[in-house]
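Protein chains: 2
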Amino acid sequence: MQDSSTEEKILNAAIRVFQKKGMAGSRMQEIADEAKINKAMLHYYFRNKQRLFEAVFAQAFSKLAPQLNLIFNAEEAIFVKIKKFTSSYIDFILKNPYLPSFVIQELNNNPEFVTSFVSNQGRPNPKSFFEQVEKEIKMGKIQKINPKQLLMNILSQCLFPFIAEVMVKALMQISDKEFTQLMEERKTLISDQIIRSIKA
Amino acid sequence: MQDSSTEEKILNAAIRVFQKKGMAGSRMQEIADEAKINKAMLHYYFRNKQRLFEAVFAQAFSKLAPQLNLIFNAEEAIFVKIKKFTSSYIDFILKNPYLPSFVIQELNNNPEFVTSFVSNQGRPNPKSFFEQVEKEIKMGKIQKINPKQLLMNILSQCLFPFIAEVMVKALMQISDKEFTQLMEERKTLISDQIIRSIKA
DNA sequence: GTCTATAGCCAGATAGAC
DNA sequence: GTCTATCTGGCTATAGAC
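Residue numbers (this note's numbering), protein chains in the order written: chain A, 2 to 201; chain B, 2 to 201.
Note that these hints are calculated values from the structure, not bench results. Some hints here could point you the wrong way.
[As the list claims (entries may be wrong)] The list that follows gives simulated cross-link-like pairs (lysine to any residue, SDA-like), each with its CA atoms no further than 20 Å apart: (1) A/Lys-149 <-> B/Lys-128; (2) A/Lys-142 <-> B/Arg-197; (3) B/Lys-188 <-> A/Pro-127; (4) A/Lys-142 <-> A/Glu-186; (5) B/Lys-128 <-> A/Val-115; (6) B/Lys-200 <-> A/Ala-201; (7) B/Lys-22 <-> B/Gln-150; (8) A/Lys-170 <-> B/Lys-128; (9) B/Lys-170 <-> A/Ala-33; (10) A/Lys-200 <-> B/Glu-179; (11) B/Lys-170 <-> A/Lys-142; (12) B/Lys-149 <-> A/Gln-150; (13) A/Lys-145 <-> B/Glu-8; (14) B/Lys-96 <-> B/Arg-197; (15) B/Lys-149 <-> A/Asn-147; (16) B/Lys-170 <-> A/Asn-147; (17) B/Lys-149 <-> A/Ser-88; (18) B/Lys-170 <-> A/Ala-201.
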């Protein structure tokens, strides 16, 4: 993150601007200003806005995907897995707060991205997680639940507050500081709640 | 929704386009086409894009807010409240699937809206809900939990799958049909899980 | 590689006939 | 109220000097 080369300066500036305003809402001039560099340079290095955007999106996506594999591919008991995942995932998002809403927003606006990206980059695969849940249900360790619902519960609890941050803060009348505190608290609270809700 | 007047035709077309593509991604021409009407009419009735957008946003916001008051202001025991709310809220979103992500996305992109809208329109106020939770904790009916976390849990579980629909469907490899089925299932599943997780 | 200047296009907005 | 035609500004992208 030293912004050593011009190309890195542009990419980092583009990340900041695109993640905040999205593809449609961002201006090449603004990215140039943010990078403290001439606008023509953006085209020199990335040819056009679309390609620059794709570089940013790919980078965001490739940071997010491995995080999911923490829950999909680790070899651990389900409760341990859930605890480790929620804690590390929220930690990760606290360091990259714009990432989830950026990726989700752009996927909503260009659903065709799903095909081109998700298939190219190697999609995190929840299959083994689903199998593990089924197995632990049969063993009587956890209550009967559709594994897809369980995964959706976990992701919802971790991601939603960040995606809806502005709304949540306005609704509950909380400051940035209190919001961060609540998120810190959630690192253990979420797994406690989820485990309680499925424990046999 | 009969599109009787021209003004209604425009507004309904604008709702569809804005909710799908957002303010920055939408084109006045596209709204005109969607309304099967001349582009100049948009300006005749709404003066400019910003005002048309605000009309759409205000309408969306005023549909969403009363739904929240179902949980904030009803006079019922906490478990009943949670059951009724999750079920009716998901029902409502199934009928207006673009609403939550539209409102949240635009709030993220223009945080200043929060001030102008949320304060003008009368914000749903969670205060009495928080008090009720505190009371039921003291009465020993539910476990100790920060009421804000509980509210965040409920909203997360209801809203996230719709906001991240594209991502969720891609990740879990499910069809539109299966997605809707899962959401139907969630109408009772969520409250069961949440109640189990806080029951004393 | 970096800059200035500008081409070219597209979208929002308006003028004015009917 | 509704339309066609057009203006204007802003934005992406490129040409070309250094």
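Handout entry: Violated constraints from the hint list, given by number and in increasing order
Key = 1, 3, 4, 5, 7, 9, 10, 11, 12, 13, 14, 15, 18
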